[in-house]
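Asker: Listed below are the residues making up each chain.
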Amino acid sequence: MRYAYFPGCSLHSMETAYDRSVKAVSKHLGIELWEIPDWVCCGASSAHSVGHLVGLAIPAKTLVKAEKEGLDVLAPCAACWQRMVWVNHEVNTSPKMKEKISKAIEEEIKGTSKIFSIIDGLAAVGMEKISHAVKKPLKGLKVASYYGCYYVKPPKVAHIDDPENPQLMDEMMKAIGAEAVDWPFKTECCGTSLIFQDLDTTLAMSKKVIEMAVKSGADVIVTACPVCEMNLDMRMAQINKRFKTSFHIPVVYFTELMAYAMGSTPQEIGLDKGHCGETKSLLAKIS
Amino acid sequence: MSAIVNLSQLHKDHGDFAERVFKMSGQDVRKCYQCGKCSAGCSVHIFNGMDVSPNRVMRMIQLGMEQEVLNTRSIWACVLCSTCTARCPRDIDIPRVMDALRIEAKKRGITQKFKNANVFHDVFMNSIIKYGRVYELGLFIGLKLKQSGNLFADLEMGVPALINAATRLPKFPPKVKNPDEIRKIVENCKRIEGEK
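Residue numbers (the working numbering), protein chains in the order written: chain V, 7 to 293; chain G, 421 to 616.
Worth double-checking, as some hints may not be accurate.
For each label pair, taking beta carbons as the anchor points, the in silico distance ranges come out as [what the hints assert, rightly or not]:
hint	chain 1	residue 1	chain 2	residue 2	range
1	G	Leu582	V	Asp206	33 to 41 Å
2	G	Gly569	V	Lys286	29 to 37 Å
3	V	Pro143	G	Ile561	40 to 48 Å
4	V	Lys135	G	Gln482	46 to 54 Å
5	G	Arg493	V	Asp168	43 to 51 Å
6	V	Arg8	G	Arg603	40 to 48 Å
7	G	Glu613	V	Pro143	23 to 31 Å
8	V	Asn98	G	Pro580	32 to 40 Å
9	G	Gly569	V	Pro143	42 to 50 Å
10	V	Asp206	G	Gly456	22 to 30 Å
List of simulated lysine-lysine pairs, DSSO-like, C-alpha gap at most 27 Å [unchecked claim]:
hint	chain 1	residue 1	chain 2	residue 2
11	G	Lys610	V	Lys116
12	G	Lys535	G	Lys610
13	G	Lys597	V	Lys109
14	V	Lys104	G	Lys527
Worth flagging that the hints you see were computed from the coordinates, not collected in a lab. Glycine included, each C-beta is placed from N, C-alpha and C at the ideal position.
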């Protein structure tokens with residue numbers, strides 16, 4: 007399997023743990039990633055609020071490079087993924103919009119490349135194959151899979167799984183030997199980039215998610231979105247201060263646990279220093 | 421928002437507003453029958469990030485309360501999580517309506533209801549127009565200088581988190597071969613939308 011890889015800005019900035027672990031787990035599973043040369047930002051979270059066309063044209067510029075290569079796209083960032091899914095949706099439902107986007111990017115967009123998130127991209131390999139690749143099963147580890155909103159909502163456009171109770175990430179966690187915690191806030195919103203606009207509201211939103219994962223008995227929260235990761239992990243001490251709570255649950259990318267279970271070292275994938283919250287307790291549990 | 425609404429006057433002056441919103445967003449807000457499911461599931465609304473609940477935004481559009489709805493904080497506070505859309509029994513994509521209203525409000529220079537959101541979008545767009553990708557350190561500094569009220573709020577993140585974040589944050593802008601690509605697209609889009 008070969009994908010056009012669109013890492014996005016976050017994975018090349020602070021969230022290298024995601025980039026590294028996505029590459030590692032892809033390697034373990036025999037997935038080849040061809041990084042789209044000179045990809046540009048997808049425009050989220052602002053371009054679509056500035057103009058409908060510009061919000062589609064910016065991600066289309068990168069998408070068209072994958073089309074020319076004849077490859078489907080793998081985009082591990084939820085925002086990048088959804089912006090590209092919207093481009094395909096519009097291109098395939100509105101010939102007029104297709105023409106406008108093509109004009110804006112000065113190239114023809116066809117809508118022929120499928121856009122995979124890292125969740126459905128990896129799940130497509132099959133749970134059996136994932137289990138076979140595991141060298142260190144994460145026995146006894148209770149994992150709360152946090153999908154966030156963009157991968158499953160709005161369901162007519164973004165729908166890798168059920169919008170209220172998705173299972174794909176849970177299944178993958180089971181495939182690597184961990185225990186998937188059944189919890190109710192899998193797709194509640196963390197607040198995304200509202201963190202840079204209205205801190206009070208966003209911290210309350212993220213707190214709600216962390217609190218429910220802890221109440222549900224999870225040892226770790228896994229995410230598949232750099233913004234979810236930043237809001238839950240980087241802001242946890244701030245949340246504790248504001249709400250007089252004492253959460254200290256590690257929040258890591260699900261790909262880190264997968265790569266680790268398949269033999270990568272914590273140093274290789276950023277599981278040691280790639281997060282604001284401590285991961286020592288997690289590493290002690292799974293080593 | 422005033423407590424008394426003159427419906428006849430609104431209908432006379434802004435009776436076509438729902439139709440215009442339909443053209444802008446592709447969403448027919450007239451279908452909304454005020455069940456309130458959107459507001460019940462909206463985290464931003466639940467945690468007081470909005471001044472008007474999403475279902476009331478829909479109703480205001482139906483009634484032609486054009487000025488009033490463009491002057492809400494809610495249209496900017498929506499994070500497009502689309503929980504409302506997933507649950508709407510009338511199949512309305514509410515975030516697309518919110519986006520369309522933001523674009524319209526911005527066109528008319530109505531940004532004062534949620535200045536920090538507007539500053540965020542401006543600083544973000546400038547960053548990607550300049551570098552082709554987000555330069556996070558530049559973005560954070562720009563936001564701190566231009567937004568109001570949260571200059572020192574991030575110190576609450578605590579020393580270990582701040583040190584870890586600072587270590588991971590690239591100090592220099594991203595380098596791409598084609599930093600002008602987004603600028604060109606933005607200019608092209610302005611031209612194309614002006615052609616209509």
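Asker: When the structure is checked against the list of hints, which entries are broken? Sort them ascending.
Answerer: 1, 5, 6, 7 and 8
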